[in-house]
Every structure is written in C-alpha cells, then in structure tokens.
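Same order as they appear, the protein sequences are chains E and B.
Adding 319 to a residue's 1-based position in the first sequence gives its number in the numbering used here.
Adding 365 to a residue's 1-based position in the second sequence gives its number in the numbering used here.
Among the hints, erroneous ones may be present.
[Unchecked claim] With a straight-line cut-off of 25 Å between C-alpha atoms, the simulated SDA-like cross-links for lysine to any residue are:
1. B:Lys631 / E:Arg456
2. B:Lys409 / B:Gln428
3. B:Lys497 / B:Asn448
4. B:Lys590 / E:Gly380
5. B:Lys606 / B:Pro593
6. E:Lys364 / B:Thr443
7. B:Lys722 / B:Asp651
8. E:Lys364 / B:Val494
9. B:Lys784 / B:Asn471
10. E:Lys545 / B:Thr443
11. B:Lys648 / E:Gln445
12. B:Lys590 / E:Arg375
13. B:Lys784 / E:Ala574
14. B:Lys685 / B:Gln421
15. B:Lys683 / B:Thr493
16. B:Lys613 / E:Val448
17. B:Lys442 / E:Tyr570
18. B:Lys784 / B:Leu746
19. B:Lys442 / E:Phe342
20. B:Lys784 / E:Thr356
21. B:Lys770 / E:Asn555
22. B:Lys784 / E:Phe370
23. B:Lys787 / E:Arg375
24. B:Lys581 / E:Ser362
25. B:Lys608 / E:Asp470
26. E:Lys364 / B:Pro789
27. E:Lys364 / B:Asp474
28. B:Lys770 / E:Ile473
29. B:Lys787 / E:Phe381
Calculated directly from the structure, the hints in this document are not laboratory data.
Just so you know, these numbers come straight off a predicted model, no measurement behind them.
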Amino acid sequence: MRRSFIRYPLVFIAPAFVIYLVFFIVPNIAGMYYSFTDLSTYSDKVTFIGFDNFARLIREGFLVTAIRNTFIYAVCVTVFVNILGMSLALLLNEAPVLGNVYRTAFFTPYVIAPLIVGYLFTAIYQPEVGILNRALRSVGIGALAADWLNDPQIALFSIIMTELWRSSGFAMVIYLAGLKTIPRDLLDQASVDGAGYMTRFRRITFPLLAPSFTVTVLLMLINSLKVFETVLVLTNGGPGWVTEVFNTFIYRNFARGNWGYATSASLTLSIVIAVVAVVFLRLLRRREVEV
Amino acid sequence: MRKRFGFVAILAIFAALVMTLAGCKPGPVKLTFTTLGNGDPEAKAFDEIFANYNKQSGNTVTQQILPDVNEYENIIKTRFATNDPPDIFYFFTGANENTTLQADKNLVDFSKEDLLKNLSTAVRGFYTVNGKIYGIPWGTYNAMGVLYNKDVFAKVGVQPPKNYADFLAICDKIKKAGITPIYEAGKTGWPVQIFSLAGFQTFVLPSIGGADGVAKLGANQLRIKDIPAIKDVFEREYALKTKGYYNKDLAAGTYELQQDALATGKAAMAFQADWMLPSIAAKYPDAVDKIGFFSLPSDNDPGLPSLYPPKQIMVSSKGKHVDAALALLRFMTTADSLQVWYAHNPGIPVYTNVQTKLFAGQQDIYNLIKAGQGAINIQLLLPSNYVPDYDKVTQAFIMSGDVDKTIQQMDSSYIQQGKDKKIPGF
Numbered sequence: 320m321r322r323s324f325i326r327y328p329l330v331f332i333a334p335a336f337v338i339y340l341v342f343f344i345v346p347n348i349a350g351m352y353y354s355f356t357d358l359s360t361y362s363d364k365v366t367f368i369g370f371d372n373f374a375r376l377i378r379e380g381f382l383v384t385a386i387r388n389t390f391i392y393a394v395c396v397t398v399f400v401n402i403l404g405m406s407l408a409l410l411l412n413e414a415p416v417l418g419n420v421y422r423t424a425f426f427t428p429y430v431i432a433p434l435i436v437g438y439l440f441t442a443i444y445q446p447e448v449g450i451l452n453r454a455l456r457s458v459g460i461g462a463l464a465a466d467w468l469n470d471p472q473i474a475l476f477s478i479i480m481t482e483l484w485r486s487s488g489f490a491m492v493i494y495l496a497g498l499k500t501i502p503r504d505l506l507d508q509a510s511v512d513g514a515g516y517m518t519r520f521r522r523i524t525f526p527l528l529a530p531s532f533t534v535t536v537l538l539m540l541i542n543s544l545k546v547f548e549t550v551l552v553l554t555n556g557g558p559g560w561v562t563e564v565f566n567t568f569i570y571r572n573f574a575r576g577n578w579g580y581a582t583s584a585s586l587t588l589s590i591v592i593a594v595v596a597v598v599f600l601r602l603l604r605r606r607e608v609e610v
Numbered sequence: 366m367r368k369r370f371g372f373v374a375i376l377a378i379f380a381a382l383v384m385t386l387a388g389c390k391p392g393p394v395k396l397t398f399t400t401l402g403n404g405d406p407e408a409k410a411f412d413e414i415f416a417n418y419n420k421q422s423g424n425t426v427t428q429q430i431l432p433d434v435n436e437y438e439n440i441i442k443t444r445f446a447t448n449d450p451p452d453i454f455y456f457f458t459g460a461n462e463n464t465t466l467q468a469d470k471n472l473v474d475f476s477k478e479d480l481l482k483n484l485s486t487a488v489r490g491f492y493t494v495n496g497k498i499y500g501i502p503w504g505t506y507n508a509m510g511v512l513y514n515k516d517v518f519a520k521v522g523v524q525p526p527k528n529y530a531d532f533l534a535i536c537d538k539i540k541k542a543g544i545t546p547i548y549e550a551g552k553t554g555w556p557v558q559i560f561s562l563a564g565f566q567t568f569v570l571p572s573i574g575g576a577d578g579v580a581k582l583g584a585n586q587l588r589i590k591d592i593p594a595i596k597d598v599f600e601r602e603y604a605l606k607t608k609g610y611y612n613k614d615l616a617a618g619t620y621e622l623q624q625d626a627l628a629t630g631k632a633a634m635a636f637q638a639d640w641m642l643p644s645i646a647a648k649y650p651d652a653v654d655k656i657g658f659f660s661l662p663s664d665n666d667p668g669l670p671s672l673y674p675p676k677q678i679m680v681s682s683k684g685k686h687v688d689a690a691l692a693l694l695r696f697m698t699t700a701d702s703l704q705v706w707y708a709h710n711p712g713i714p715v716y717t718n719v720q721t722k723l724f725a726g727q728q729d730i731y732n733l734i735k736a737g738q739g740a741i742n743i744q745l746l747l748p749s750n751y752v753p754d755y756d757k758v759t760q761a762f763i764m765s766g767d768v769d770k771t772i773q774q775m776d777s778s779y780i781q782q783g784k785d786k787k788i789p790g791f
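Make the full structure from the sequences, and use the hints.
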C-alpha cells in the first residue's frame with residue numbers, strides 16, 4: 320500500500336521529468352563541458368582546453384564592451400520601466416474612467432514580438448523620413464533631431480527607449496494587480512488622519528507594493544540581461560561594437576562556428592544572471608511586508 | 366490465435382520483400398539544390414534550368430532558397446557539422462571557404478571531371494587549391510573599385526583619375542560644384558570595406574611582394590600589423606572623411622541610398638563593385654549605362670581592379686545523390702544552360718562558350734581584365750578569413766578614425782581566426 324502510494328505520483332512525474340532531463344538538464348551539462356573545449360565547425364576533433372576560452376573572453380576585450388552595454392541597458396530599463404509602470408498603474412487605479420481601454424493600450428506593445436518592435440522603431444528612428452525626427456522638426460525643435468541608431472553617442476539610449484515603450488505596460492499590469500490587494504480602509508483611515516497623497520504613497524502604498532516590486536524588478540532585470548532581438552534588429556551591435564551586448568556577442572561567435580568559445584560566453588552570462596538574480600531577490604525580499 | 370499470428374508474419378515478410386525489390390529498381394531522383402536568397406534573377410534562372418533538366422532527365426530538382434550571406438554560410442556550415450549536408454549547393458568562393466567546409470573531407474573533387482573544359486586557364490587556376498577543384502564557378506566576374514556617374518563627371522569637367530593625387534583633385538572639384546563626391550553606406554556596413562579591399566591591390570600588394578607576400582600572410586609568416594601600407598590605406602580612407610568628400614549622412618547611409626545617389630547624380634562616386642549595377646538597372650534603367658568604373662588609383666598609376674570571381678557550385682561527397690548531382694552539374698554547364706543563366710544575370714562571364722550583355726561599368730572592367738589588369742581580392746586568397754567581422758571593423762573605423770586600434774584589432778582577429786580554423790602556422 321505504502322509502495323504504491325509512492326509509485327503512483329512518480330508515474331505522473333516521470334514523463335515530464337524525462338523531457339526536462341533530455342531537453343534541459345543534459346544540454347546544460349553538455350554546454351558546461353563544451354565551454355572548456357575547442358568545439359567548432361572547423362574540426363571534428365574536440366580538445367579539452369581548460370580555461371582558455373574564458374581567458375580569451377577577457378583578452379579580446381569585446382566582452383568588456385558587451386558587459387558594460389548590457390549592464391547599462393539592464394539598469395536603465397529596470398529602473399525606468401518600474402517608474403513608468405508604477406506611475407501608469409497609480410494613474411489608472413485612481414481614474415477608472417476608460418481604465419480598461421488605457422490598460423489594453425499600454426499593455427499591447429508587450430504582446431508584440433521584440434523583433435517586430437525592432438523593425439517598427441528602425442522606421443521610426445530613420446533620420447530623414449522617420450516620424451520621430453519629422454515630429455521634432457514639425458514642432459520647431461529640429462535641432463533635437465538626430466541619427467538615433469547610428470550616432471555612437473546615442474544608439475544605446477535609443478535601444479533603451481524602445482524597450483521602455485515595449486515593457487512599461489507589462490510592469491503596469493503587475494503593479495495594478497498589486498494595488499488591488501491593498502485594503503482600501505487602510506488608505507481611507509490614513510486620509511482621515513490627515514495624510515496627503517504622497518504620504519499615503521510613501522507610508523502605505525509603496526511598502527505594500529513590495530511583492531509586485533520584487534517580481535517586476537527581478538523579471539525586468541533578468542530579461543534585460545538577456546536582451547538580444549531588439550539590439551540585433553535595431554543596430555546589430557553597431558555602429559562597430561558600440562551597442563554590442565552579451566547575447567549579440569554570443570550569437571556572432573556561435574554563427575562564426577566557434578561553438579566552444581560561444582558556449583563559454585553563454586555560461587558566463589548564465590552565472591552573471593544567476594548571481595544578480597539571487598542578490599536582488601534577497602535584498603528585495605527583506606523589505607516585503609505581510610498585509 | 367497462433368494461426369492468425371503466422372498469417373500476419375507471412376504478410377509482413379512478403380510486404381518487406383516487395384518493398385526491397387522496388388527499392389532496387391533505379392527510379393527518378395528527387396534532388397534539392399540549396400542556394401541563397403540573392404534576388405529574383407538568380408532564382409528565375411535556376412528555376413528555368415532545373416525545369417529543362419527535369420524534362421530531359423525525368424529527375425526532379427527543386428530549389429531551396431535560404432537567407433543571404435552570413436546566415437547562409439552559418440546554415441551550410443552547421444549542416445555539415447551535424448552530418449546533414451545538402452546534396453548540391455551554391456556557395457561563396459575563395460580558399461578560406463575550402464577550410465570552412467573542410468573540403469578534403471566533405472566535398473567532391475572536380476579536378477578530373479570534364480565540367481571545366483570551357484573555363485579560361487586563369488579562372489581554372491583560381492579555383493584549384495592544392496591540385497583539387499571543389500567548386501564549379503557559377504556566375505559573373507565582379508570587380509571592386511570606384512563606380513562613377515559619367516554625367517556628373519562631364520558636368521564638372523573631369524575624367525577618371527590617372528593617379529591618387531588626380532583622384533583627390535577630382536573629389537575637390539566635385540565638392541566645390543556642390544555635389545557629394547563619394548557616397549558611403551555606413552549604416553549597411555559592408556560597403557565600407559571596399560575602399561580598403563580595393564586599396565589592398567593598389568597600395569599593399571606591391572609593398573609586400575605580390576603573391577609571395579600573400580603566401581606569407583596566409584602562413585602567418587607576415588603579420589598585418591607589420592605591413593605599413595595597410596595603415597597607409599586606412600589613413601587615406603579617413604582623410605576622405607575629414608576633407609568632407611563623403612555624404613553628410615554617412616552613418617545612416619545604406620546600400621539602397623548609395624544606389625539612388627549614384628544613379629541620380631546626387632553623388633559622383635561610390636566605392637563599390639559592379640554587382641550594384643543590376644540593382645540600379647532595375648530601378649533606373651535609363652541611368653545604368655551612365656555609370657562607369659575605374660580602379661582605385663595608386664600614387665603613380667590608375668591602379669588595379671580588385672577582382673572577385675563568381676561563387677561556386679559544390680557537391681557533398683557524403684550526400685545521398687552524388688551521381689545525380691554530378692549529372693545535374695553536367696547539364697548546368699552546357700552552353701544552353703549557361704546561356705539561360707547569363708540571360709537573367711548579365712555580367713562578365715567566366716565561361717568562354719557564352720555570349721552575354723554587359724552594362725557600361727561592366728564593360729569598363731572587362732576591358733581592364735582583357736588588358737591583363739586586375740588582381741584577385743585578398744579576401745579570397747587566404748586559407749583563413751582576411752579579417753573576421755571586417756564589415757564591423759571598417760564601420761567602427763570610419764566613425765572613429767582610430768587607425769592603430771583598427772590595425773591591432775585586424776591583426777589579433779586574423780591570428781585568432783587562423784587558430785580557430787586550425788590552419789598550420791597559426
């Protein structure tokens with residue numbers, strides 16, 4: 320009786336576990352191994368080369384550029400998506416008129432594939448006929464018109480702006496859900512006690528939004544560190560390597576046939592993401608409170 | 366129950382026998398010709414040739430068109446690496462491609478086939494590596510140099526330059542006339558490579574002893590950073606920018622805008638190859654023959670065109686239908702099939718048994734080739750890539766102008782690529 324009690328759930332778990340094992344765990348372990356080899360399309364012989372690939376990552380210097388750009392992108396996107404998302408959520412929470420329409424409108428960009436968003440913004444940012452520069456010129460501030468994707472000084476900023484447009488609606492939805500869980504009587508009581516809007520936000524709303532904040536910050540941070548499609552379409556890491564990020568670097572080397580080297584970069588990225596995620600999760604969990 | 370099992374077993378054995386016998390009879394072969402998306406004319410020409418072949422042979426050849434350039438190379442490389450090679454495919458040319466595809470192991474050697482009898486000795490020589498020929502040349506000869514708008518030159522009153530000082534004087538005169546002297550496609554990236562690639566023939570090759578220097582570079586006995594002429598080429602290129610000879614939207618310039626600027630006379634010149642001319646002909650049929658070609662001149666003479674022999678058709682030695690692929694190739698290299706190809710894709714032919722129409726710019730190149738001028742592009746002569754990501758290297762350079770950093774990057778990248786490809790000497 321006891322044995323069948325144990326076997327019964329195992330039967331249900333087994334198929335999913337086998338799929339997970341074959342398509343996730345085994346490739347990951349194999350990937351870890353191959354990052355220490357010279358696996359490539361140029362030879363059938365695979366040689367174990369220790370930490371050579373990782374040393375080359377540091378030596379070539381492209382990784383430093385990729386890490387710097389990825390972190391600038393991730394920090395900016397995470398911070399501003401949260402600010403914008405939370406602001407939109409607070410506005411929509413306070414003004415229910417046409418709330419559903421706005422909610423849908425703000426969330427829609429997130430449903431569009433990053434690749435498509437990239438192509439849309441390539442047209443928007445076009446320096447001569449793109450609508451952004453045309454709009455700036457038409458309102459008399461043509462001096463601000465720029466070559467958004469090809470000027471090395473602002474290309475990364477333009478990519479960040481694209482992602483803010485795409486992801487702010489996603490953060491808004493999470494914050495809206497969080498706002499709905501805050502008991503109305505807490506806010507009413509604070510109002511009766513004379514607390515203004517900002518005091519209520521600082522003392523009640525923001526602390527109670529902590530779980531939503533944790534989720535949004537972590538998701539945005541992890542997704543931003545994995546940014547790929549938008550950069551690929553908008554700038555392909557250029558001009559030169561000015562907007563190169565971790566994944567475009569990995570893609571370029573993988574495509575070139577240097578599989579072992581690309582895998583070592585991929586493993587490095589995985590470790591970076593894991594460390595950042597764990598650190599932030601611990602920090603953010605500390606400030607969460609139970610309602 | 367046992368009886369029924371016996372009946373089923375006999376039926377199964379009978380079915381297996383029938384299927385085996387059916388398999389023994391040679392039937393029509395279904396062959397896939399893998400190629401890269403390179404515009405309608407190529408696809409239409411292949412379709413027409415394959416339709417003729419299918420009618421004649423009873424086999425079925427279908428065309429599989431894959432994404433262009435880098436993606437295509439990656440897909441083909443990966444298919445070989447995962448033991449799923451295409452039977453017959455169109456691929457890039459040059460010694461480094463043999464290294465990339467591990468030709469000795471993976472490809473059919475055509476050196477003993479009669480497919481190449483209509484090639485000139487020089488062309489045959491280029492496709493022969495260590496006595497073996499792994500690809501059948503297919504397409505037109507291209508050349509890198511300077512495409513120019515003859516109307517603009519006539520309006521400004523200048524002729525193609527006789528030397529580099531002359532070239533700079535022309536740029537200056539055109540600029541003073543209020544026309545952009547050179548349109549560069551910085552956004553697209555790869556067109557920016559052309560100045561330094563054409564400049565290799567003109568300035569670098571003589572300084573390293575020609576073919577001997579190239580051989581040393583290929584064997585890593587000569588380093589890129591130790592060739593002063595390469596640095597000189599980049600300095601000349603950046604000087605064109607500082608003198609204001611390039612288009613103002615250099616960073617946003619695309620290959621398409623480059624075509625428009627050259628065809629409409631908004632720009633006088635472009636560092637390009639004649640492969641741009643069919644695209645101009647499609648958009649500006651009246652303007653295409655107003656586009657001429659000259660080589661990037663050296664300090665003392667009009668320079669040499671940087672020749673780019675056509676891509677090649679290769680057959681996987683591990684494919685399922687090697688004989689059928691060879692039969693198809695024999696059909697493709699008949700005069701009739703070649704004529705179909707060149708009717709759709711006019712240009713300088715590599716086969717001697719075809720007639721083809723040339724645009725004015727192509728005729729300029731053909732005249733230079735017939736006069737014995739021209740040297741094969743450096744990218745196609747080395748067992749390793751000349752420089753991986755050269756489009757990005759030159760794109761970054763044209764923005765920053767940092768010559769030393771560019772040379773350092775090229776040198777280390779070239780060495781690393783040689784090591785990755787396990788080429789002796791690296």
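Broken hints, by number
none
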